[in-house]
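Student: So you can see what is in the structure, the chains are spelled out below.
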Amino acid sequence: MNDQTGYDATIQLPEGASTLAPHVDSLYYDIFWISVAFFVAIVGCMVWFAYRFRRRKGVKSKPPGHHTALELFWTFSPLLLLAYMFHQGFEGYMMMNIPPANAINIRAEARQWSWSFLYPTGKVDGELTVPIHQPVRMIMSSHPRGVDHPAVLHSFFVPALRVKRDIVPGMYTSLWFEATRLGTYDIYCAEYCGLDPIQGELTDQQIHNNGRPLASVGHSGMLSRLHVVTMEEYTSYARTGRPDEFETNAAWGESIFNQNCTACHVIEPGQAPTVGPNLSNVVGYEQPLVGGTGRMADLDYLRESIREPQAAIVNGFENAAMPSFGSLPEANIDALIAYIASRSDRGADLVTQLEAEPQE
Amino acid sequence: MTTQTTTHAAGSTAHGHGEVDYIRENTSPLSWIVTLDHKRLGILYLVSTLTMFMVGGVYALLIRTELLTPGRTIMDPDTYNKVFTLHGAIMVFLFIIPSVPAALGNFFLPIMLGAKDVAFPRLNLMSFYVYVLGAIFALVSIFTNSIDTGWTFYTPYSQTTSTATISMTLAVFILGFSSILTGVNFMATVHKLRAPGLHWKRLPLFVWGIYATAVIQVLATPVLAITLLMLLMEKVLSIGWFDPRLGGDPVLFQHFFWFYSHPAVYIMILPGMAVVNEIIATFSRRKIFGYMFVAMSSVALALLGFLVWGHHMFVAGMSEYATMVFSALTFFVAIPSGVKVFNWVATLYNGSVSFQSPMLYALAFIVLFTIGGLTGLFLGTLSVDVHLHDTYFVVAHFHYVMVGGTVIGFIGGLHYWWPKMTGKMYSEKIARIAFVFIFIGFNMTFLTQFVLGSQGMPRRYYDYLDHFQPLHGFSSVGAYVLGVGFSIMLGMFIYSLFKGEKAPPNPWGSAGFEWATSSPPIMHNFHGTPVIHRGPYDYHLATEAELFDGFPEDLPATAKPAAAKPAAKQAPEPEPAKAAAPAPASREEEE
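Quick mapping for you: the protein sequence lines, in order, are chains F and B. With the numbering used here, the residue at position 114 of the first sequence is 114, and numbering never jumps. With the numbering used here, the residue at position 227 of the second sequence is 227, and numbering never jumps.
Treat the hints as calculated values from the structure; they're not laboratory data. Check before you lean on any hint, since a few could be wrong.
As the list claims (entries may be wrong) - With a Cα cut of at most 20 Å, we get these calculated DMTMM-like pairs of lysine to aspartate or glutamate:
id : chain 1 : residue 1 : chain 2 : residue 2
1  : F       : K123      : F       : E233
2  : F       : K60       : B       : D538
3  : F       : K57       : B       : E544
4  : B       : K192      : B       : D249
5  : F       : K62       : B       : E544
6  : B       : K424      : B       : D76
7  : B       : K424      : B       : D538
8  : F       : K60       : B       : E544
9  : B       : K424      : B       : D21
10 : B       : K235      : B       : D249
11 : B       : K201      : B       : D538
12 : F       : K123      : F       : D298
13 : B       : K424      : B       : E19
14 : F       : K60       : B       : D549
15 : B       : K116      : B       : E25
16 : F       : K62       : B       : D117
17 : B       : K502      : B       : E428
18 : F       : K123      : F       : E245
19 : F       : K123      : F       : E232
20 : F       : K57       : B       : E25
21 : B       : K201      : F       : E71
22 : B       : K499      : B       : E544
23 : F       : K123      : F       : E286
24 : F       : K123      : F       : E254
25 : B       : K424      : B       : D549
26 : F       : K60       : F       : E71
27 : B       : K235      : F       : D148
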């Protein structure tokens with residue numbers, strides 16, 4: 001079932017990991033070689049004629065020629081090749097636009113500058129995980145980031161799948177694909193979606209980390225990852241509640257953290273904060289807030305900060321513009337907080353409390 | 001050559017040395033500011049568009065420098081977004097659109113028609129000042145609070161960002177009127193002011209190209225004006241056209257915008273092609289092969305340009321059948337484009353080809369435009385476009401057409417007509433050195449970007465994943481080479497203005513009409529009304545005197561026109577025998 005038919009990147013095209021890729025790539029290379037042939041013929045003739053008929057003393061240009069048959073030939077004969085390209089392209093395009101009946105639906109919500117993927121099971125994640133050899137239909141919508149930041153255009157682009165579709169405020173758009181190769185691939189936003197105009201000064205760590213742009217740079221930081229896994233792995237992944245491979249809520253929370261939070265937060269003691277605050281040794285400590293007040297980082301404050309990040313912002317991060325993660329299921333938020341608490345020297349009690357809480 | 005026959009003889013002797021060229025006619029600054037002379041307005045446009053080209057070029061180098069390495073290189077993301085927007089907006093609206101038609105077109109269209117001036121000289125002056133006003137609006141919005149929406153002003157982002165969208169859209173709105181007025185003026189000029197004997201089948205192809213451009217300018221630009229007004233109404237009065245929160249549709253804006261901006265692509269490329277026609281004919285001493293096919297292909301491109309706007313929106317959420325129609329129509333654009341390229345190459349055959357710098361640019365145009373055109377096939381093909389849309393592949397494609405095409409055509413034309421416009425020659429050696437830098441630098445910059453794009457690098461990215469770095473770095477180095485090339489060229493032209501040798505009337509030995517008058521041309525272009533006896537590319541009908549590339553007084557005695565027509569002081573004369581040429585001067589054709 002999991003026999004992979006994807007292939008590696010070539011000089012011109014990235015690795016192919018979907019059923020659409022072979023179609024797009026073979027047509028791409030058809031057009032490429034047709035173009036090369038025309039280019040060589042045109043430029044070859046040009047260079048040859050220019051050299052052969054270069055100006056020499058006493059040799060005059062011949063009077064203008066006229067050749068209607070030749071004109072008609074090169075005016076109309078390319079139509080055949082053009083018709084071929086058009087037909088193949090349209091056929092492929094229709095294939096891209098008609099999802100198979102057995103496709104599973106995954107919702108994608110795009111915001112400035114993050115992605116949320118909502119699975120049929122109710123699971124929500126910042127990265128996309130899909131089973132191999134299973135048609136997946138993405139139903140996509142654009143959402144406001146806040147009152148002052150209404151929804152804008154985005155575009156869901158996965159080069160390895162050869163799919164792209166704009167996400168337009170006020171309408172649902174969709175695309176489908178069937179992944180054919182296990183692995184992790186990049187998801188980009190391909191339609192310019194700007195930047196926070198009130199963005200303050202950014203440090204280099206807030207711009208680029210681990211070889212990737214971060215969300216604080218706006219459009220180019222609106223990245224995510226696609227994980228193509230086996231059907232078994234997908235089923236276990238998409239289940240809500242704590243997956244079997246995690247012994248504790250804190251361990252599960254670490255995985256949720258790595259998928260949703262590391263674009264903006266670090267959690268190592270002593271490390272410089274990136275976009276948002278460093279979350280190590282936060283729980284159990286009083287946090288200085290914008291406006292001069294302070295607040296104890298307890299269970300309530302952490303829940304609030306995940307659901308409504310703008311409600312109480314830690315001093316110095318007023319421009320960080322964190323999106324709400326309120327669409328995460330309750331159990332996931334608890335696990336996330338358990339993990340954050342486990343990274344604080346004063347968090348042991350909270351960890352114990354959250355491990356005790358029943359899942360789901 | 002506009003063979004001034006009888007009228008010329010009288011005019012020349014009557015005026016004698018009293019006729020001075022348009023530069024020395026009146027040297028006061030005021031005479032330039034309020035000039036109604038098309039040549040002076042052409043020069044004013046040339047200076048302003050070249051200034052804008054330099055500003056846009058500096059922005060381009062800033063972009064490429066920022067992209068040299070991942071992460072922050074020299075500027076913040078906010079600054080970067082403004083810089084790439086201004087690069088696009090300035091290059092498109094303030095440089096490319098007015099470059100060839102307004103600068104070279106103003107200068108040469110009336111001369112090629114044998115006219116004294118354009119049909120409406122005052123309107124011409126007005127459109128220049130409308131352009132200046134638009135440019136001021138644009139500069140104000142740059143220096144106050146520049147925009148970061150991309151040159152396309154896509155909604156809803158352009159409605160939410162707090163930057164100076166209003167002043168920039170007003171600037172573009174105003175610039176559009178300059179474009180419309182120039183277009184109307186040129187159309188009237190071509191229809192009404194052709195010299196006796198200059199019927200449509202003898203029109204220089206430059207005129208055909210500028211004429212087709214003018215038609216698009218007049219028909220398409222109002223749509224842009226309407227769109228930008230709607231944008232302003234929505235922003236200021238909250239009337240919901242495009243904003244879904246007010247009941248509007250963001251995709252509607254894209255339809256409106258591209259309904260203008262796609263024809264605008266042809267406003268940009270047709271004049272470049274028009275220039276290349278003239279250069280190729282002159283430097284291969286041969287009539288453009290398939291003259292009528294080439295002329296009609298300009299008209300066909302102008303018309304097809306109106307029908308293909310949807311190919312910018314294949315992944316924007318249009319219906320599948322709309323995309324099908326737009327894809328099919330898009331492929332038809334390849335036909336007239338191909339016709340032009342094939343005919344240019346065929347013109348070289350049996351020619352007498354020389355390789356001075358204008359011709360190098362014209363040949364480079366063929367190479368680069370061919371690449372630009374062929375890569376358009378990838379983007380017209382629906383399923384392949386889905387992968388390539390909004391990536392660097394598109395960036396590379398339109399830079400091959402706009403820079404490799406229009407800009408190369410424009411500076412080729414500048415090299416070609418520089419002696420005529422200024423009366424000065426430039427250093428051919430330095431011109432060739434600059435050409436090598438420009439050609440190599442351009443290909444390094446943009447050939448690389450095709451690969452970046454097909455590998456999946458999206459456009460308008462301030463920062464990128466590390467694995468794209470080698471290609472981005474190479475592309476940036478290419479941009480520096482390109483920048484060096486343009487700087488050398490600019491320095492060469494400025495040096496030529498002050499220290500250049502005096503140019504003869506016809507330094508390239510061309511049979512084109514504009515070379516018949518002195519360099520620089522006299523105020524009224526010609527002594528009296530010229531009467532046209534042959535086409536602008538009829539080298540087999542032109543006399544040795546007409547094609548003589550030195551100063552008239554150095555003309556070998558054998559080539560001197562017969563004593564019957566002795567007035568060959570201002571311009572080489574046709575041989576009397578030529579009166580027997582197949583197409584006698586006649587007014588029977590409609591004028």
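Student: Which of the numbered hints above does this structure break?
Tutor: 4, 6, 7, 12, 16, 20, 22, 23, 26
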